[in-house]
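Asker: Here are the chains, one letter per residue:
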Amino acid sequence: MSTAAIVTRPAHGRDLQVVLAELLKLDHIIGGFVVAPDGLLIAADLPREVEAEPLSALAAALGRELELRGPRLRRRQFPTAQFASVSGSAFLGSTPVGYIVLLGDPRADWETVRFGLRGALGTVYRAWAG
Amino acid sequence: MLFAKIWHWVRGDKRPPTSALALRQARRLRDEGRYQRAAGVVDKALLRDPRNVAGHLLAASLHMALRETRSARASFERVLALEPTHPRALLGLARIELEDGETAACCALLSRALARYPDLPEARAVLEVARGLLAPAHAKRYATPNVAVEADRLGLPAESREALFARADATKIVAVPHEPGADAVAAQAVKLSKVAAAMLGRAGLGPLRHAVIESAAETTYLRLDDTALLTLSFDRDMKSATALRHLERVWHRFRSEFA
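Residue numbers (the working numbering), protein chains in the order written: chain A, 1 to 130; chain Y, 131 to 389.
Worth flagging that the hints you see were computed from the coordinates, not collected in a lab.
Treat the hints with care, since some could be wrong.
[Said to hold, decoys possible] Quick list of the computed label-pair ranges, beta carbon to beta carbon:
#: 1; chain 1: Y; residue 1: Ser241; chain 2: A; residue 2: His28; range: 34 to 42 Å
#: 2; chain 1: A; residue 1: Arg48; chain 2: Y; residue 2: Glu232; range: 31 to 39 Å
#: 3; chain 1: A; residue 1: Leu24; chain 2: Y; residue 2: Arg200; range: 35 to 43 Å
#: 4; chain 1: A; residue 1: Glu51; chain 2: Y; residue 2: Asp161; range: 20 to 28 Å
#: 5; chain 1: Y; residue 1: Lys174; chain 2: A; residue 2: Glu49; range: 44 to 52 Å
[Said to hold, decoys possible] Stretch by stretch, here's where chain A covers chain Y in the computed footprint (C-beta under 8 Å, at least three residues):
#: 6; stretch: 187-198
#: 7; stretch: 215-228
#: 8; stretch: 246-258
#: 9; stretch: 316-326
#: 10; stretch: 338-345
All values reported here derive from a predicted model rather than from experimental measurement.
Each residue gets a CB set at the ideal place from its N, CA and C atoms; glycine is no exception.
Using the sequences provided together with the hints, build the complete structure.
Answerer: Laid out in structure tokens, this is it:
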């Protein structure tokens, strides 16, 4: 790839810490992180009591499972997913760089978070893909 | 000696970069998202310096970023041939074994890592999931119909494309439409739910209750407890609130129907 191609890439979306910080402004989101497919933590802002490394290792494993097979054993891209308990939810989005994970309290609304997450995924795709 | 030094100086940048320089360049390319080029630089460096552990680890990381699992496995194996208890290589290879359904091999690698480095929380977290997949689930007994059940009898929503109800140990109870691969689908859904449950637990959010998974063509809704699991798939256009209401209704119906 030429240097010119790098320069013309949109800068917005390349700094994943900034992307994450924007998503953390969504209502009822209490933390989040970005993890590479090999489990390496890229960016994180988590509640103090949450240990980042085990969480990111599991998120990467979950992201790979979803990418590889999904719940119906079909290989395909998954844009977003929500995993909910009575105490809150984890929201996952897939990008070429890795997975964006947001943690929400029980009031975090799936449609709102999905909309925000999809916007962020698009920004990251445009900045990183290719 | 002096002549040799002058000769090297004259050759200047035609000399191949040292491994350290090449790996630094590769890391910079990786950080720019240029994974293919970074992998090419690492491959060249490793041709010159095939015992470079950092190089093989970087190659593995790049292959994972490119979703080239087979190549990543080979790189992790090369690291372990050089350093048999390298924690990142053991963890990386263990995760690939988990992906491939080789759960016992995954457990063995993680146990090896933890025996050498007991304070490796990410290895402990993945090991808990892997052991959970190996252990038989203490699932409540549900009746398994001997014949394909008619969809009408189950009260499935008309909009639903597929439904699967399985025990927590991944034994299929009913699948609509009835397909030969339904047992594998049940096993995959259970595996997915166990990894997700472990992640929620680590995040301090408690047991997994339901999931919504989007894909290009459809959205799959999953409901579970510690005895059983239900998946329902709908077109992507379906409103999630409506789909979740269907999910809850079918979940209660199936649990009473097959208990």
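Asker: Hints first: check each against the structure and report whether it holds.
Answerer: Consistency of the hints with the structure:
Look at Ser241 of chain Y against His28 of chain A: about 39 Å separates their beta carbons, and that is inside 34 to 42 Å. Range check, Arg48 of chain A to Glu232 of chain Y: about 36 Å between beta-carbon atoms, so the 31 to 39 Å window is met. The hint said 35 to 43 Å for the Cβ distance between Leu24 of chain A and Arg200 of chain Y, and at roughly 36 Å that hint holds. Taking the beta carbon of each, Glu51 of chain A and Asp161 of chain Y are about 25 Å apart, inside 20 to 28 Å as hinted.
The hinted range of 44 to 52 Å is satisfied by Lys174 of chain Y and Glu49 of chain A, whose Cβ atoms lie roughly 45 Å apart. Using a Cβ-Cβ cut-off of 8 Å, 5 residues of the stretch 187-198 of chain Y lie near chain A, which meets the minimum of three, so the contact claim holds. Coverage of the stretch 215-228 of chain Y by chain A holds [criterion: at least 3 residues with CB-CB distance below 8 Å; count 4]. Coverage of a stretch by a chain is defined here by at least three residues with a beta carbon nearer than 8 Å to that chain's beta carbons; for the stretch 246-258 of chain Y and chain A the count is 6, and the condition holds.
Counting residues of the stretch 316-326 of chain Y whose C-beta lies closer than 8 Å to any C-beta of chain A gives 6; at least three are required, and the coverage claim holds. Beta-carbon proximity to chain A at under 8 Å applies to 8 residues in the stretch 338-345 of chain Y; the threshold of 3 is reached and the given coverage holds.
The structure agrees with every numbered hint stated previously.
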